[in-house]
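Asks: Chains as they are written, first to last, in my numbering: chain A, 1 to 1001; chain S, 1 to 91; chain V, 1 to 417.
Hints should not be assumed to be uniformly reliable.
As the list claims (entries may be wrong) - The following residues of chain S were derived to be distant from chain A, with all beta-carbon distances above 12 Å:
#1 Cys9
#2 Lys47
#3 Ile49
#4 Val52
#5 Val70
#6 Ala80
#7 Lys87
#8 Pro88
#9 Pro89
Stated by the list, open to error - Using 20 Å as the maximum straight-line C-alpha spacing, the simulated SDA-like pairs for lysine to any residue come out as follows:
#10 A:Lys544 <-> V:Asp27
#11 A:Lys147 <-> V:Asp273
#12 A:Lys377 <-> A:Gln328
#13 V:Lys12 <-> A:Leu517
#14 A:Lys445 <-> A:Ile508
#15 A:Lys895 <-> V:Pro345
#16 A:Lys742 <-> S:Glu16
#17 A:Lys272 <-> A:Glu91
#18 A:Lys831 <-> A:Trp635
#19 A:Lys521 <-> V:Ile11
#20 V:Lys133 <-> A:Val930
#21 S:Lys47 <-> V:Gln307
#22 A:Lys895 <-> S:Gln38
What the hints contain is simulated information worked out from the structure, not anything from laboratory work.
Here a beta-carbon is modelled for each residue, glycine too, at the ideal position from N, C-alpha and C.
Take a look at the letters that make up each chain.
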Amino acid sequence: MSKNLRITNSKFIDQTSRISFKFDGKTLYGFKGDTLASALLANDIHLVGRSFKYHRPRGIMTCGSEEPNAIVQLGNDSSMTEPNTRATEIELYEGLEASSQNCWPSVNFDIGAINNFFSPFIPAAFYYKTFMWPASFWEKYEYFIRKSAGLGKSPTKPDKDIYDHKYLHCDVLIIGGGISGIIAAKTAAQNNLNTVLLDDKNNLGGTTLFQNNECFKINNTYSSEWLKKEIESLNSFKNLTIKTRTTLAAYHSYNYLLARENLTDHLSLIEKKDKIRQRLWKIRAKKVIIATGAMERPLIFNNNDRPGVILSSSIKKYIDYYGVKCGQKISLFTNNDTTYETAISLNKSGVTINSVIDIRDKSNSSIVKEAEKLGIKVHWKHTVVNTNGYKRISSIELMKLSDDGAGVVGNKSKEECDCLGISGGWTPRVHLFTQSGGKLKFRDKDNIFLPDKSESEQISIGSCNGDFELDDIIKNSNKSIKEFLNLNSSDYENLEINCSKETDKKNIWLLPSNKPLGKTKPFLDFQNDSTAKDVKLALREGFKSIEHVKRYTTTGMGTDQGKLSNMHALGIIAETAGVKMGELGTTTFRPPYTPLTFGTIVGRNVGEFFDITRRTPIHDWHVEKKAEFENVGQWKRAWYYPINNESMHEAVQREAKAARDSAGILDASTLGKIDIQGSDASEFLNRVYTNAWSKLEIGKCRYGLMLNEDGMVYDDGVTTRLDENHYIMTTTTGGASNVLSKLEDYLQTEWPELDVYLTSVTDNYATVSICGPNSKKILSRVIPDLDLSDKEFSHMSFKNALIDNIKCRVMRISFTGEHSYEINIQSSYGKSLWEKCFEAGKEFNITPYGTETMHLLRAEKGFIITGQDTDGTITPVDLQMDWIISKKKYDFIGKRSLYRSDTIREDRKQLVGLVTDDPKEVLEEGAQIVSEANKKPIEMVGHVTSSYFSPNLNKSIALAVLKNGKKLKGQKMFVPMKNKTINVTITDTVFLDKENKRLNA
Amino acid sequence: MFLINCPYCGERDQSEFSAGGEAHIVRPKQPTELSDDQWAEFLFMRKNIKGVQLERWNHAHGCRKWFNMVRNTSDDKIHAVYKMGEKPPIK
Amino acid sequence: MKNKYSIFSLIKNAFSHHENWQRVWRDPEPKKEYDAIIIGGGGHGLATAYYLAKKHNLTNIAVVEKGWIGGGNTGRNTTIIRSNYLWDASAGLYDHALKIWEGLSQELNYNVMFSQRGVMNLAHNLQDVRDLKRRTHANRLNNIDAVWLNTEEVKKFCPIINTSPDIRYPVLGGTLQRRAGTARHDAVAWGYARGADGMGVDIIQNCEVKGIKRNGDSVEGVETTKGFIKTKKIGVVAAGHSSVIANMVDIKLPLESKPLQALVSEPVKPIIDTVVMSNAVHAYVSQSDKGELVIGAGTDAYVSYTQRGSHDVVEGTLKAILELYPIFSRMKMLRQWGGIVDICPDASPIISKTHIKGLYFNCGWGTGGFKATPGSGDLFAHTIANDEPHKLNADFNINRFISGDLVDEHGAAAVAH
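Start from the sequences and build out the full structure, keeping to the hints where you can.
Replies: Given below as structure tokens:
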């Protein structure tokens, strides 16, 4: 570089390790310890981006998370690129590549800058007032609006990085490792509290770490030296955890906080590899100490947005910490004393300071005197009225302020400069405090909002609590910490503190200019290009609430969330509307404090860990047989088993035919199983099912229908009485956990008097179902000792049995209408039982069938599937299952609802069968039914719930719910499809074996 | 994210619990005697209080016990928890 | 009347440095008496006032709002607009609204940025497929433009969706309504406010209702923080706070007010050009004109009036987003917030008279009220003006919870609103 902007005495930059990086394609160099911003500034690069709306050239403005301008695209790999990263927070690493955003073709020559010339015609919210003609054109306008909006570019390929979550519990959490945070951490740790200290930077210390100024001393050493010793002393505490590069993102109620730890973002491309990128800490703290510090405010004047305009304290950090000069001829513009620290630091480093322009009449503090002693020129009671330069500030114009501060007087003078430091005072970082539900109060003296009432166990200390001066910070922090932690003493009682005290204060939210406001551009929100004019326009148009102004002008809606702009917006509103700021209130600070990567929030719960996968004990067998699977809830169920490139239809037809012709075998392990025991078990079942249970004999099974309290069908399944006070209930696969919860709820809350115990045993048993005319023969080979005669083991009954000395339960129940058995065995034996049955059935061509065939077979018999044939609006009466509603029982869940004026209607939608006129035509599930063809509009009277081609009947069959369906048997209806209408006839719901002969075949 | 003091297990994270709505809506003992209006009152109508509310919670990923809670719905502050069947402690 | 907004008015005003724009709405003190008072200055309330004035010649009316207009769910939602509902009653209601949306910018002379970029609902299991196909068939017969897309067509319409069969819950297809889309939420409130104000409606902000005065079975007026205001008709459009108003007159509603959260990412250049909703993995996403990904999360299960929800819900939502859009993993959440949604047991709204004469409720919109704003306002205005529901909102009466004749949109159309 032609200019040497790097000074050599910075202790925080390792000038022995040079790092190369690329910005906008150009290779540059920085040092270890740099941020991208400091490295760019060292290379004399200020222009880094273009603004959102007017595409004005913008430069680095801060040194932290409040940066509105230096927002860059990091990386150019389509899966690893990251949009909208703040150059001020990116630690420089070898191989870093970054580029400017929102400009085309380049940041130096940006076509979009034409907007700047149109700016008079596009004031705040102009888009609400135009683009309305012609109506159909909005889409076209919008296309261009969208193209020009947005900042960086989203990755277009999946992220290769991994993210992680961890929980953390502590007695005291301290947020912020500046001077007050360090005092808090040491005090808490000394008192044996389990303490955690977080800081978003790569080291502790905050701004005091580089405060080497005669005016600020503790026990006669520089405040920085004193603090360094304090930081070193923290190492000795085992009960203190320090996390740097860790940003507190969100502070929720009950002291639940989320912090993001950056683990690899600062490492070189090679070092990053295969490491966890970021970790989200989920923290539950008994007590929280917020020590987040304060942010410097800008000043609002005409053209205050040029590259080279930087917050004064940032210029100080760049010189004192990074050893980088932000310019070689610097002017400073301020309303407070802190800028004089910057001036002194610059002066010490040999940077030319033109002058300090101070809007105050005077200041008698020691720091100002020190600066004046060094020969730094001060323009008291002056303001900057304009800046010049396009891609970099080249000069400023200043004028004297009138006595009331509302105007300017006298002649304009010009000062050439390549950098302007600005300071409008300080804003406590109260974001986390308000996120936690805390309420703010306003302090008139220095125009700040401060923490007031809090809902949580927390305190705020240091400058985030409005203490800006070294002695106040230490004394007040110490006092608050002691009170909060119930301590009598601490290490920080009798320190000798010298510091400059600010006595003269003055604030003007919008600085006056020699031009009318309409002709100036005083920016408030630098990223979103909203100006003080825009705020005034909003107020003129009747938008009075701060939230309205914010939304109307988009002030504070950028990626910095208004960290720099909110206070001035409020100030200008208050001033213009003549309201006190304290009464105006603030906007809500919403989490996260700084933008939080989606991947970090999600952690490991992506890809295979998105949701757990439940597999049956027999799963591997299905996989070996190349079954296709269906997701049913979290379960993987075998859907069908294609052989030799069969289509699904072919496979299902074959499976369904085999099951009825000879034998089929189904893995039914996913069905929910609830073990019910206790002396009131029968009574309990009476109350939860619609039918009666008391008289069910031991060893018998019964089908039950469970309703919601609103009378609608909720779940169904077969329950078996194993013993006097012992039942096993089966539920649907998807409904299992909800049914258990519901039953537990009733048992604990409505019927605590019942002696009943419920245990989920779904995972404890594997269930093998064998059906078909040869099922009995097959079972007799699997369990030779069991008497399978109809007399001994009739349909709907149960036997305990032993298979190879392993206990199992055999139920003779059927969901297919075939002679059928379900064998339940301890899960670990499931697969071997299945294989045993399969082996025994080989001779009979036993055919494994999946859920699709199961659905088909049950539909042939008109058995319902809850959730498919019912949808939460269907009662058992609607299902034509009146037989299952006990007339004798006084009550059961949902009974009363069956007798409401709408549920007793005769013409409700009822379950019916449908056959198509063309037996080959299979209806689409979900298709609607109408009573007249080709009429429009036409009322839909029902819809198809289940539909299949039945290989056993050699025709298409369907179940449907149909208005007044019970009475319409035999009638014609129509199913209108997109391109045709299908004629159907209403039938009974049972298509096959109405006499149930096959059950005993 | 609340920190809930399960009366059986002690303080646990909210993610272990599921909410069950307004408490002390007793299921009518004789539903058949009720008019449609009265039944609807039980079934659907809720006070939906803004302020201190008595409500049901279940330690679903813990002891699976139901219990009651006194909570202010306008600031989410939990004032007390008590077991099913117990009278609500003074608000 | 208001000055007309257009490109010409912008240019004209530019020459006076935009010093001469009219107020969008006045800021009046309440009168002693109005013909009708609307409680709640959200989109629905302002639209109700607008249509009362415009179609029913009721101009001596006020909208009272406890905060700032549009500050509740209107300004907090993810702005999805669609009408592909299952049941005839819902389809009628929401398509009525959609038709008004289509000409709303012109009608209000305020650009509400209604953008018909389509809404796609994804299916992730076989029952989803059945349900969505059922809905598509019903939509077609109700003249609503929804179509079924298979997985390839889904991918073609929105290429960034991960349609791999190897993900945990693969995309098995979806429905697409092309007329559906998004709008600019604030503009809807402001546009209706401007229109209503122009016809003489008083919009009174920072005016909280503290009580409702009754005389026997009729209403007489409202007690507010700005004093008592007399009226014979009160339309309550208070969303999450509906029960609070109802409790003032001892009415219990079938509502629970729960936290609903949403979030936006940082703005990026166009990457997703439509709205995609998925119920099974619970995520919905669109991209705003500003470039932010707008992501809706789910509700918490407990009642809360805090406008805060639990982090688990946000985490769960983003988990689903990354399952469907793994390219968004490095995108960053910029802002997260919550609203209070009043949910009916059947996930359908109430637009109804009550047993108290002159008291009307428009509530229970749950998570999906924004899309209905113009239709809801129009039909509620009709109901208030005529003391009878319009045929399109007749089914959305309070009595359905007594008879059992629900409009069950969550049981049937298993789709996030």
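Asks: Next step is simple, just say for each hint if it's right about the structure.
Replies: Going through the hints against the structure:
| no. | hint | result |
| --- | --- | --- |
| 1 | Cys9 | holds, 15 Å |
| 2 | Lys47 | holds, 18 Å |
| 3 | Ile49 | holds, 19 Å |
| 4 | Val52 | holds, 15 Å |
| 5 | Val70 | holds, 16 Å |
| 6 | Ala80 | holds, 15 Å |
| 7 | Lys87 | holds, 15 Å |
| 8 | Pro88 | holds, 14 Å |
| 9 | Pro89 | holds, 18 Å |
| 10 | A:Lys544 <-> V:Asp27 | holds, 9 Å |
| 11 | A:Lys147 <-> V:Asp273 | holds, 11 Å |
| 12 | A:Lys377 <-> A:Gln328 | holds, 16 Å |
| 13 | V:Lys12 <-> A:Leu517 | holds, 18 Å |
| 14 | A:Lys445 <-> A:Ile508 | holds, 13 Å |
| 15 | A:Lys895 <-> V:Pro345 | holds, 18 Å |
| 16 | A:Lys742 <-> S:Glu16 | holds, 17 Å |
| 17 | A:Lys272 <-> A:Glu91 | holds, 13 Å |
| 18 | A:Lys831 <-> A:Trp635 | holds, 17 Å |
| 19 | A:Lys521 <-> V:Ile11 | holds, 18 Å |
| 20 | V:Lys133 <-> A:Val930 | holds, 16 Å |
| 21 | S:Lys47 <-> V:Gln307 | holds, 19 Å |
| 22 | A:Lys895 <-> S:Gln38 | holds, 14 Å |
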